[in-house]
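So the protein lines, in turn, are chains A and B. Quick note on our numbering: the first sequence kicks off at 57 and runs consecutively. Quick note on our numbering: the second sequence kicks off at 48 and runs consecutively.
Since the hints were made in silico from the structure, they are not lab data. Each hint should be verified, as a subset may be incorrect.
The calculated BS3-like cross-link candidates involving lysine-lysine, where the alpha carbons are at most 25 angstroms apart (straight line), are [stated by the list, open to error]:
1. K403/A <-> K189/B
2. K263/B <-> K189/B
3. K404/A <-> K84/B
4. K242/B <-> K403/A
5. K333/A <-> K404/A
6. K404/A <-> K87/B
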Amino acid sequence: MSNETISESFRKAGMSRRAFLKFCAAAASVLALSPAEAGEMTRRLAQARRPDVIYLSYQECTGCLESLTRSFSPGIGHLLFNDISLDFDDTLQAAAGEAAEAARMTAMKKAWGKYILVVDGSVSPKDGGVYCTAAGKSSVADLQYAASGAQAVVAVGTCASFGGLPFAAPNPTGAVPISEIVKDKPVINVSGCPPIAEVITGALLYYVSFGVPALDRHGRPVNFYGNTIHDRCYRRPFYDQGLFAHTFDDEGARRGWCLFELGCKGPVTHNACATTKWNGGTSYPIESGHGCLGCSEPNFWDRGGFYRPLSTPTGHWSGAQVLGGAAVAGAAVGVAVAGVARARQNKKDDHKPDHKPADKDHDRNG
Amino acid sequence: MGGGTLLDFARGPGMEWALAILVFGIVWRLVGIFTLKRPKDLAEPRAGASAIGAMWVIISRTWPHKEFRERVLHWEVVSYLFHGGYAVAILGYAPHILLIRALIGISWPGLPGGVIAFAAGISGVALIALLMHRLNSPVLRKISNFDDYFSWLVAFMPLPTGLMAYYHLGGNYEWMLGFHMLTGEILLAWLPFGKIMHTILFAFSRGTTGLAYSRKGAPL
Chain A
57 MSNETISESF RKAGMSRRAF LKFCAAAASV LALSPAEAGE MTRRLAQARR PDVIYLSYQE
117 CTGCLESLTR SFSPGIGHLL FNDISLDFDD TLQAAAGEAA EAARMTAMKK AWGKYILVVD
177 GSVSPKDGGV YCTAAGKSSV ADLQYAASGA QAVVAVGTCA SFGGLPFAAP NPTGAVPISE
237 IVKDKPVINV SGCPPIAEVI TGALLYYVSF GVPALDRHGR PVNFYGNTIH DRCYRRPFYD
297 QGLFAHTFDD EGARRGWCLF ELGCKGPVTH NACATTKWNG GTSYPIESGH GCLGCSEPNF
357 WDRGGFYRPL STPTGHWSGA QVLGGAAVAG AAVGVAVAGV ARARQNKKDD HKPDHKPADK
417 DHDRNG
Chain B
48 MGGGTLLDFA RGPGMEWALA ILVFGIVWRL VGIFTLKRPK DLAEPRAGAS AIGAMWVIIS
108 RTWPHKEFRE RVLHWEVVSY LFHGGYAVAI LGYAPHILLI RALIGISWPG LPGGVIAFAA
168 GISGVALIAL LMHRLNSPVL RKISNFDDYF SWLVAFMPLP TGLMAYYHLG GNYEWMLGFH
228 MLTGEILLAW LPFGKIMHTI LFAFSRGTTG LAYSRKGAPL
């Protein structure tokens with residue numbers, strides 16, 4: 057851990073205490089902290105040492121890191137130069153190969169037991185871990201070693217949090233989330249494909265200030281994942297009124313009506329998109345006219361088509377075939393049962409004694 | 048089972064099985080009934096227009112005969128409140144319409160959520176009143192069996208679970224939505240095998256009665 061406190065790093069960079077307080081206020085706003093908590097956060101950040109951060113990537117697409125570099129508040133520059141000491145990130149650093157691995161080992165040994173391990177991507181324990189290796193080591197072995205020296209693990213992105221795209225059926229590499237491997241250290245899941253930049257930096261900052269935040273049942277910080285997109289969506293009144301866009305270019309879409317009918321998964325997706333938004337608070341997918349894909353939820357890739365409404369079947373079966381088959385089977389059983397019943401009726405009719413009197417009547421009338 | 052897993056099951060295999068059982072059961076029962084041997088009626092028909100008689104009885108039996116009105120009309124009204132509210136909640140709510148469209152390809156405009164919640168609330172209260180009546184009436188209690196009470200439960204459960212999902216009550220929304228869908232699927236799967244089959248059979252049974260009565264020249 058760097059001996060320099062966060063406020064010292066601000067001063068060293070030529071920034072005033074006012075700039076530090078503004079930064080704290082912005083961070084507290086992103087984290088939705090109360091005024092009292094914001095004050096406490098400022099006090100703690102002023103005294104906190106900059107934590108060492110090791111950033112490891114496994115089965116991922118680098119979209120999460122792309123997102124992180126677009127953080128506005130706190131900005132990535134602020135985060136890297138003032139709040140944390142990013143000791144290893146193989147994508148951002150200049151070094152590569154053996155030099156990079158040596159730098160990582162040095163950084164980890166220097167801060168052993170104290171660094172924050174940020175992991176991006178799922179890991180693959182299947183077949184001895186052969187599907188994801190780096191520097192001759194499997195992702196699982198690498199993660200286990202790195203996690204053993206960490207004070208906490210932050211799983212960034214849906215792949216690291218829940219397995220994500222590598223985990224999607226048929227999961228050829230046997231991908232698992234980080235929490236399946238790391239059991240003895242706190243794991244904070246910052247899900248999303250990718251997560252919102254401010255949510256990643258906010259989660260790190262919260263941890264630096266207060267430690268592990270309150271987590272939901274999926275291990276995500278409640279202050280970012282406590283509400284569904286639907287709860288905070290500006291199109292919610294249209295949902296309540298029953299006004300829906302039927303296609304992406306109809307009158308309803310132009311008038312900003314609810315996108316539920318176009319497959320929006322906002323009602324079951326917990327994330328901060330509708331409040332924190334993207335690109336420095338510019339907008340979020342629904343504001344741009346597209347329904348939520350539910351990317352911050354487990355198995356979002358396998359939960360039916362993105363454009364299937366939430367109340368409809370997932371589409372993993374052929375309705376016509378299943379229902380047609382059921383109808384044919386029902387008809388066959390119905391005919392068989394009726395056949396048995398008719399046979400019984402015929403048998404009864406054959407043995408009825410009242411045929412005789414009818415015949416007698418007939419004879420009498422005749 | 049997590050909310051996501053339950054919802055995924057309800058939208059996937061749960062719905063698949065429920066609809067398959069529904070179709071299988073309805074076809075089985077209808078085919079079974081229609082292919083049964085009918086007793087020969089050798090008597091001369093006393094009226095010519097028996098089909099009109101059948102149609103008329105389907106309509107006339109929707110309201111109690113004047114001799115019974117004083118005793119049963121209020122319960123008939125409560126029953127209509129249940130059925131009407133149920134129909135509005137099922138056929139008027141946009142997510143339900145989308146399900147119907149996904150299954151059979153037809154759709155219509157939905158109603159505002161407040162109207163649906165009101166209709167579902169009325170329907171639920173009416174259903175509770177009807178159960179209380181069944182439990183308090185010695186005659187009804189005597190002729191009630193497992194089918195009556197289980198069918199009541201199966202018909203009732205989608206209402207509170209749907210309202211709780213709509214108003215985000217009962218904890219995790221995703222779980223409640225999955226549970227609501229599951230209660231609906233149990234209703235669909237049970238429909239052909241219990242007394243809820245009257246949703247399909249009422250017209251046939253009334254029509255058959257009308258046909259027989261009109262043939263015999265009985266007043267309809």
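To see whether the hints hold, each was checked on the structure:
1. Proximity of K403/A to K189/B is assessed by CA-CA distance (about 35 angstroms); at most 25 angstroms being required, the pair is judged violated.
2. Proposed proximity of K263/B and K189/B is contradicted: the alpha carbons are some 33 angstroms apart, above 25 angstroms.
3. Pair hint K404/A plus K84/B holds up; C-alpha atoms about 12 angstroms apart against a cutoff of 25 angstroms.
4. The hinted pair formed by K242/B and K403/A fails the criterion: a straight-line CA distance of about 30 angstroms is larger than 25 angstroms.
5. Of the pairs offered as hints, the one joining K333/A and K404/A is violated, with about 77 angstroms between alpha carbons and a cut-off of 25 angstroms exceeded.
6. Straight-line distance between C-alpha atoms of K404/A and K87/B comes to about 14 angstroms, which keeps the hinted pair within the 25 angstroms bound.
The structure is inconsistent with the numbered hints 1, 2, 4 and 5, although it conforms to all the rest.
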